[in-house]
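Chemist: Sequence:
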Amino acid sequence: MDLRWLAVVSVIGCGPAVDVGEGGDTDESSSSGGEPSTTVGTTVGTTASTTVGTSATTLTTSVGTDPSTSGPGTVSATDPSATATATDPGSATFTTTASTTDPTGGELPDGETCEEDQQCASGHCFVVGIFGGVCGECVTDSDCAGGGCTPPNPLASPPTPSTCNDGGYGGGCMSDEACADGLRCATVLEVPGVITASTCSECASDAECDAGQLCAPDIAVLGLTGVYRCVEAGTLANGQSCDFATSGDESCASGHCAVADVMGLLSLGVCSACETDAQCMAPQECEPPQVDLEIGLIAGGCV
Numbered sequence: 007m008d009l010r011w012l013a014v015v016s017v018i019g020c021g022p023a024v025d026v027g028e029g030g031d032t033d034e035s036s037s038s039g040g041e042p043s044t045t046v047g048t049t050v051g052t053t054a055s056t057t058v059g060t061s062a063t064t065l066t067t068s069v070g071t072d073p074s075t076s077g078p079g080t081v082s083a084t085d086p087s088a089t090a091t092a093t094d095p096g097s098a099t100f101t102t103t104a105s106t107t108d109p110t111g112g113e114l115p116d117g118e119t120c121e122e123d124q125q126c127a128s129g130h131c132f133v134v135g136i137f138g139g140v141c142g143e144c145v146t147d148s149d150c151a152g153g154g155c156t157p158p159n160p161l162a163s164p165p166t167p168s169t170c171n172d173g174g175y176g177g178g179c180m181s182d183e184a185c186a187d188g189l190r191c192a193t194v195l196e197v198p199g200v201i202t203a204s205t206c207s208e209c210a211s212d213a214e215c216d217a218g219q220l221c222a223p224d225i226a227v228l229g230l231t232g233v234y235r236c237v238e239a240g241t242l243a244n245g246q247s248c249d250f251a252t253s254g255d256e257s258c259a260s261g262h263c264a265v266a267d268v269m270g271l272l273s274l275g276v277c278s279a280c281e282t283d284a285q286c287m288a289p290q291e292c293e294p295p296q297v298d299l300e301i302g303l304i305a306g307g308c309v
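For the sequence shown, the working numbering assigns the number 7 to the initial residue and increments by one for each residue that follows.
Since the hints were derived computationally from the structure, they do not count as laboratory data. The C-beta atom is built at its ideal place from N, Cα and C for all residues, glycine as well. Possibly wrong hints are sitting among the right ones.
What the hints assert, rightly or not - DEER-style ranges, computed between Cβ atoms:
no., residue 1, residue 2, range
1, 291, 213, 33 to 39 angstroms
2, 119, 287, 49 to 55 angstroms
3, 117, 193, 31 to 37 angstroms
4, 138, 187, 17 to 23 angstroms
5, 113, 229, 27 to 33 angstroms
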């Protein structure tokens, strides 16, 4: 087993489980340009108004007709960032600063690590258990219009953010409703309290496949994703993923869907040459399949 995978899973096993919270609404990113300003000069007995930038800030000043009996002027502003400075009882100079920063979102772009929604420019911090959070487009399917939410991959370098999809084949989902017609939302990877990877798939059970076919997983370990699809019985080669809990043996060409166990936290079926020592010629023993972060699934065999 790859030592990096061992280290990762060891952290999972030792760390606390973190619930994935639901993010807020998507907000527009803040402007990176300078802050616009407008200066308006007024004379006695006149009224002036100005609109600043895109924030439609309006300032109105009224100055008394008699400087000796009236004050330097009054200001009403729809933008609380507006300031006024009276330089003369009959003339006032106003400087307004239009705010283009969205108060509901943070500054972190998608793909950056985070702890809470407010830190992300998108307003969505997708937390993946002990791995922490990653800023992205969504946290749940409800954050996406007409599709589902594909979870981030915190193991990638750099981490990939969560993204909204159109409900097509392989897109992330939380329920069948997020998937296109004819597709089912099936769970392909699950580590309780850490990550659940479900995708829009061709099937979720053998009964949904044609006669002579079986519903089998096709797992991309490095991407923390995969799909379930219908395959002909006895056609999966050694090293391919299989469903050890159902018809895995029947789907493998070898007839053996062996279990790759990762620290007791994650179990994956892998088509292999054997499942027990009795299936090997003495003095050989059956080596179980493995999960490697760089290679992926490694078939078990007699050694």
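Chemist: Take the hints in turn and mark each one as holding or not.
Modeler: Results of checking the hints against the structure:
1. 291 / 213: 33 to 39 angstroms: Hint holds: Cβ distance 37 angstroms, inside 33 to 39 angstroms.
2. 119 / 287: 49 to 55 angstroms: Since the Cβ atoms of residue 119 and residue 287 sit about 51 angstroms apart, the hinted range of 49 to 55 angstroms holds.
3. 117 / 193: 31 to 37 angstroms: For residue 193 against residue 117, whose Cβ atoms are near 25 angstroms apart, the range 31 to 37 angstroms is violated.
4. 138 / 187: 17 to 23 angstroms: With a Cβ separation near 36 angstroms, residue 138 and residue 187 fall outside 17 to 23 angstroms, so the hint is violated.
5. 113 / 229: 27 to 33 angstroms: The hinted range 27 to 33 angstroms holds for residue 113 and residue 229, with Cβ atoms some 28 angstroms apart.
Consistency with the previously given hints fails for numbers 3, 4, ordered from lowest to highest.
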